[in-house]
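With the hints as your guide, set chains U, L and E onto chain W.
Number of protein chains: 4
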Amino acid sequence: MSSHPIPAPADPVPTPGAPPPDVLRCAYLDLQVTDLAASGAFYADVLGLVVTAEGPGWVALRTFDEFIHHNLLLREGPVAATAAFAFRVRSPEDVDRAEAFYRELDCPVERRREGFAPGVGDAVRVQDPLGFPYEFFHAVEHVERLAWAYDRHGPGALVRLDHFNQVTPDVPRAVAFMEDLGFRVTEDIQDTAGTVYAAWLRRKPTVHDTALTGGAGPALHHVAFATHEKHNILAICDRLGALRQSDRIERGPGRHGVSNAFYLYLRDPDGHRVEIYTQDYYTGDPDNPVVTWDVHDNQRRDFWGNPVVPSWYTQATPVLDLGGRPVALTQRRDDSELEVTIGADGFSYTRPDEDAPMPSWKQGEYKLGHQL
Amino acid sequence: MSSHPIPAPADPVPTPGAPPPDVLRCAYLDLQVTDLAASGAFYADVLGLVVTAEGPGWVALRTFDEFIHHNLLLREGPVAATAAFAFRVRSPEDVDRAEAFYRELDCPVERRREGFAPGVGDAVRVQDPLGFPYEFFHAVEHVERLAWAYDRHGPGALVRLDHFNQVTPDVPRAVAFMEDLGFRVTEDIQDTAGTVYAAWLRRKPTVHDTALTGGAGPALHHVAFATHEKHNILAICDRLGALRQSDRIERGPGRHGVSNAFYLYLRDPDGHRVEIYTQDYYTGDPDNPVVTWDVHDNQRRDFWGNPVVPSWYTQATPVLDLGGRPVALTQRRDDSELEVTIGADGFSYTRPDEDAPMPSWKQGEYKLGHQL
Amino acid sequence: MSSHPIPAPADPVPTPGAPPPDVLRCAYLDLQVTDLAASGAFYADVLGLVVTAEGPGWVALRTFDEFIHHNLLLREGPVAATAAFAFRVRSPEDVDRAEAFYRELDCPVERRREGFAPGVGDAVRVQDPLGFPYEFFHAVEHVERLAWAYDRHGPGALVRLDHFNQVTPDVPRAVAFMEDLGFRVTEDIQDTAGTVYAAWLRRKPTVHDTALTGGAGPALHHVAFATHEKHNILAICDRLGALRQSDRIERGPGRHGVSNAFYLYLRDPDGHRVEIYTQDYYTGDPDNPVVTWDVHDNQRRDFWGNPVVPSWYTQATPVLDLGGRPVALTQRRDDSELEVTIGADGFSYTRPDEDAPMPSWKQGEYKLGHQL
Amino acid sequence: MSSHPIPAPADPVPTPGAPPPDVLRCAYLDLQVTDLAASGAFYADVLGLVVTAEGPGWVALRTFDEFIHHNLLLREGPVAATAAFAFRVRSPEDVDRAEAFYRELDCPVERRREGFAPGVGDAVRVQDPLGFPYEFFHAVEHVERLAWAYDRHGPGALVRLDHFNQVTPDVPRAVAFMEDLGFRVTEDIQDTAGTVYAAWLRRKPTVHDTALTGGAGPALHHVAFATHEKHNILAICDRLGALRQSDRIERGPGRHGVSNAFYLYLRDPDGHRVEIYTQDYYTGDPDNPVVTWDVHDNQRRDFWGNPVVPSWYTQATPVLDLGGRPVALTQRRDDSELEVTIGADGFSYTRPDEDAPMPSWKQGEYKLGHQL
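Chains as they are written, first to last, in full-length UniProt numbering: chain W, 1 to 372; chain U, 1 to 372; chain L, 1 to 372; chain E, 1 to 372.
None of these hints come from the bench; they were simulated from the model. The C-beta atom is built at its ideal place from N, Cα and C for all residues, glycine as well. Fair warning: there could be bad hints in the mix.
From chain U, some residues computed to sit far from chain E (all C-beta separations above 12 Å) [as the list claims (entries may be wrong)]: (1) Pro5; (2) Ala53; (3) Glu76; (4) Glu99; (5) Pro108; (6) Glu110; (7) Glu114; (8) Leu146; (9) Arg184; (10) Glu229; (11) Ala242; (12) Leu322; (13) Leu338.
Under 7 Å between C-beta atoms, here's a sample of chain E residues computed to sit facing chain L [stated by the list, open to error]: (14) Arg112; (15) Arg173; (16) Leu234; (17) Cys237; (18) Gly241; (19) Leu243; (20) Asp270; (21) Trp293; (22) Asp294; (23) Asp297; (24) Gln299; (25) Phe303; (26) Gly305; (27) Pro359; (28) Trp361.
Looking at chain W on its own, in the form it has when it is part of the complex (with noise of 0.2 Å):
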C-alpha cells in the first residue's frame, strides 16, 4: 500500500484563525423524506432501526449500540433531501468554537439554544463552504444502549452508525477545508497525474466519518450503519429477497478495496442511498497509513474486483441549505471516476496496465453504450 499527498487546492477554502470545534464522530442524519410512513417502514420495519421518538411528521431513530437520542431523524417535506449532517463535540464550548469557525467564514449560521431536533440541545447548523448543512451540538438526551437486548436484535441488526458520504465537485479543496476543520484522510482514490477522485477522514478512529466523493455536488452519496458481522448484511439481503424488495438493493454485498470493510448499498424510497457496513481497522494514531489507491486499480471499489454499477457514480441526493431550499450542484470540472474506469470498447473494467489480458466472462460486463 503506498500513500500520496492530496495537492494543494488551487482555490482555497481561507483557514479560520479561530479554533474548530473538537468534534467526537458523525452522530446523525437529518433527513427530509416525502412519504413518512414509507420511509419508516424501511428504516425500522425493513432494517430494523429502534424508534426512541416520533411525532407528526418526524420520527426518530437509533442504532442498537447507541445511547444518544436518534442516529437517523426523518422529516416529512417536499423534496427528498439532507437537511443535516449532525456531528457530536466533545464539550459544550465547541458549540460555541464551531459557530465562531463558521462565522469567521461568512458561512450561513444558525444558533438555537433548544436545539434543531427532539432530544437534541444547544446546536450550531451552518452552510459550509462546501454547501453542506452541518450541525454541531453536545447536549443530547440519553436513552437505553440495547446492546445486550439481544431479544430485540434481528438477524441484521445495525449497530453503529458509521459514517456520511459527501459529493463535492473539487475534492482536494473539500480535503483541505475538512482538515482545518481537524479531520484527518485515512484513505484515497488518485490517478497518477494527481487527480483526486475521492478521500476518506475521519475523527473517531476508523476509516471515516465522512468520505468524499468527486461529483456534482453539494450532494448525499450515503449514510452508513454498521452490524457486528458479515453474515448480518447478507441477511438484510436475504431479507431484502424475501420480502420482494430485492430492488432496494443497488451494490453489493461485497469487501471494499478502500477501507477494507465489507459492504451493502440499498437506496431508500426516496432513492436516498444507505450503506451497510462492517470490519474496517483503527485508525486513531497521528502517524496512521494514508492509503492511496490508484483509480485504474480495478480492486480499489470492490476488492472482488465486481464492477461498479453506473448509478453509484452518478446518482446522490440533494442538500437543504438553512432555509430549507435545495441547494444546487456544481459539476465536477476534475476527470470523473465513472469516466475514466470505462475503456476505449466501452467497458468499465479498468486497469493500470492496458496491456494486461481481460478474461472473457468480464467482457459482458457493463458495457455502458449510449445511456449516459
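The following block gives chains U, L and E in isolation, referenced to the frame of chain W:
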C-alpha cells in the same frame, strides 16, 4: 412456491427395460486441463483442496469431509474439457447394472475392472444419449476423512463435492432421461408457455447431484464444492483479492433463488467454471415439493436480484467422448434464458409484469449492446 | 480415526423375519408437557419454531425448511414425557411393514388409519423391545416450506429436525435391534475393554437420526434441531441471556468430537433437553467409515476439552407406553461414562494416559464431591 | 443497565501536579517466557500472529491490522512474567510528560532514548504506584499493515491488540490512579455494599485498554487480541482441538456480560493467560454511560450464565520490576469475587435473590469442595 410438471419431451430417449444402477451421489469430476501446474496451483493452493495423490500428468484432490480417494481428478491434455462426470453406486453389482442400462441404449460403453482413475476400481464409462461422459463405480480406495483436521482447514475450506451442472439443449428430454436413471427433479425454471430453461435433479437428499441448464451442449457448466458457512465463501473472495486474482470471480457471491443456497462462481485457469456453494435443504422424501420458478422472476437466479453476467449463460467447457475427442455441440432450439430476460430496451432486468417500474439504479445494469 | 465393531449383545432382541419398514428420517417428537402455555412460549416465542396449527391442549410446530405438518407436537398432560418418537417411512406400505415387524416381536402395537397426530394420516405406534414408543407414518399434510421466508427467520432460526437421542441401559443390544430396523452406526464411544457407552445411528445420510446413550432407560435424552450456521446457535444463547433465561442453557455451546457438529443443550420448561446442532457430515455411502472414540478421550464429547456437566449424563425425561403411562426405568449395568471419566481425585477430567499432566486450570473443574 | 460511582479510595495515590501523557492506546506487551521456542510456536504457529522480527532470545509479533512494529514481544528469561505493559502516546513530548508524571510520584523510572524494545524508539519505563511495569513511547518503526493480506490470514486471524487486564488488590485505589493518568471507566462490578471487584478503563474508544481485576497483585491477568468475527474465535478452538492442544483452553468461548464482547481464554506454554475477544462497543463520548454489574448477577462474567472456572479467578502471572525481578504480591483485603459467588452449599452458582430456585442441571456445576 408453486410446482409445474415438466412437459414430456417430443423426442424422448427410450426407457431401457434394464433397471438403472442405484446411484449414491456425484463423486468426482475427471477434468482435462491444459496446464497441470497452473490448475493444480489453483485447486490446491488457492482453493485449498487436499491432494490425495499425484503422478505424471495428473493430480487427485479431495474435500475435507471426503473419505473416498478424490472428488476432482486433474489430467493434463491438449484441450480443456471434462473426461467424466463420475457417480458412485451403492454396490459392485450396480456397476453391472449401469453397463447393461447403457448398452441397451446403444451408447458407447467401456468397462474397466481396473478402473479409469487412480484409487478407483471396477468402473464403467459411457457416453450417454445426451452426449455426456458418465462414469459409475463402487470400488474405491478409502482415505482419511479430514473433517476434524481443523489445523489444515483454511478460512475457505471446501468440505464436500456438492454437484455437477451440465449444459444440454433440450431440457425436458434430458430430464426424462435422467429420471429413467433414477434421478428426481427438485426445482426448475419455466415460463408460462411451458418452456423449460433449467432443472435440478438429485440422488442424495440435497437439491442436486446434477443440474441441466438449457444451452448448446453437451458441455460442462460447472462443478460445485460446498463449504460449511457463508463466511467461508467470502473468505475465498478475499483470498483471491489478496492474491490479485479477482479476475477468477465470474459471478457472486450471492444467494440463489433456486436451491436457496449461497453461491460464488469462479473460473479456473482453463476457464472451467467452479461454484462454491453452501446451505441448501433436505430433499430426501419421495414427495419432496418441487419448486418451479418463473423465468421472469428476477430473484430466481439471484434472490437479491443481482443480474446474471452474460458469460454465465453463454460460456461452458467441452466434454470428451470415450476416445478423448471433444463432443460437438448441438444448439438449443428452445428460447434462451439470457435472451428472454433482456427487455426490449436492451437491459437484462426482467420481471413478469412488464409494467412494473424499474428503479433508475437498475437501468444501467448489463445493457448488452452488440457484443453477443 | 479408528473404528471398532460394537460387540454382539449377550441377550439380543430376536431379528424378525418380516422386513423392516424403509425409514426415511426422524420426523417429529410427540412430547407431553405439563404447562402448554409455558412450553409453547419456549418453543415458539423463544426458539422461534413455526406454529403450523394448534388446538385445545396441543400445538404443532415445525422448522423453517420443513414441508410436512410438524416436527414437534406439544400436548399437555399430567407428566413431562415423550409420547412418541415419530419416523417417516418411504411409502404407505412401509407402515404395514412396520406393523408386521413389531407384531412379530410381540410388542404392543396400535394402528390408526386416521393417525395419532394432527396433520398426520395412517400410522402405527409401537412400544419397541427397548421400551420406547415409536411411530411410523407416511401420509402427512404438506405445509409451506419457509426456507426462503427470511423475513420470518430470527437470528437463531431452526431449519430442520436433526435427530433424537434415547437413553437405554444396554447399548450393544439396542444397536443390534436398531440395525435390524435398518439403521446404520456412524460413530460410537467405547473403552479398550469393549464397553460401549453410546452409539449414533442414521437413516438419512447425516451422522444420526437417533443416538443411543447408555443409562437408565428407556428415556428421552434430547431432541435436536439444526441451524444453518454456528452464529445462529450463539444468537440463541444471546437471546436467552437478554431474556434472563440463561438458566435454560445446560451445556455448551461447543464443538462435538463425535459428529463434528457445533452444539448447544437447553432444557425446556419441563426439563426436556433440546439440542441445537449444526454441521455434521455426509454419511450416505454404505461403507461410510465408522468412528470409534475412546471414552477416555476428553475431546470426544467436546472437541475443545470442555467438561460435560454431570446433569447431562444423569438427567433424562420419561417415555410413555401406548396407554400413556410412564415406562419404568431399567438401570444400566455396564460402566457409566460419567463415573469412568472421573479420576480418583474426584475430577471429571479424563485421558487415556493416566500419567499425562493435567494443567492447573483444569483441576478446579467439576469436582463432584458427594452430590452424586 | 445502571451505573454506580466507584467509591473514593481510603488510601489514594497522590494526584501529580504534572499533566499525564496523552495515551493513545495499549500497544504491546513485553512478555518474559521460559522457553522461547515453545512460546513462539504457540503465538506464531498456533495463534498465527505475524513475526515482524526476531533475534537471539526474542521474537516480535504483531496482529494483521497493526502498522507499528509489534504488539507482543517475547523474550526468554528465567521466569514467566510481564516485563512491561506498553502504551503508545500521541507525541514525542508525551514521553517527557510520562517521565515527569511518574518522577513526581517517586516511582522507579528509566528513560531510554534508544528504546527498550526492537523497533521502538525513545521510551520511558516506570514501576507505577500499583507495582506494574508500564512503558510509554511514541517513536516506533512502521511495518506493513496486513489487513488486506487475506492470503496470510488463517481462520482465526488476530487483527488487533485489544487490551490488557491487571490484577490488583485494591480496585478503587487503582481506578483513581488510572483516572489521574487519563483513563476513563466504562464498566465495573460491585456489590450492594459498594465493594468493587473489577473495573474496565479505556483511552481508545473501546470498552478498555486495560482492566483492573481484584486479587493478589500486581500481576498480569491476561492480554487480549481481537478477531473480526465470532467464528474466528471458534476456529481457534477447533484448531486447538485438532492439534490436541485443547488443554490450552481455560474458559469459554462465551459472551461476556461486561463489555458485551465474545471471548475465549487460553493459557500459553508458561501459563500466561491470553484472551481472544471480539465485538464490544464505541465508548468515545465523554458522557459514555458507565455500566455497573452486580457481583451476584450470574450473567455479568458470562452473559449465558456459564460458570467461571476457579483458576480464572485464582491464577495470574507475575510482573517484573525495572531490574527484572518479580514483584512481590500484595493480598486483596476486600471480598473475593470467587468466594462471594459460591453459595453456602459450595456451588459457584450465584444470584442476588437467594430464594430463586436453581435448576437441577446447574447444581452439579463447579462444586469446589475442599480444594480452595
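Enumerate the violated hints, using their earlier numbering and listing them in ascending order. 8, 10, 11, 14, 15, 19, 20, 21, 22 and 23
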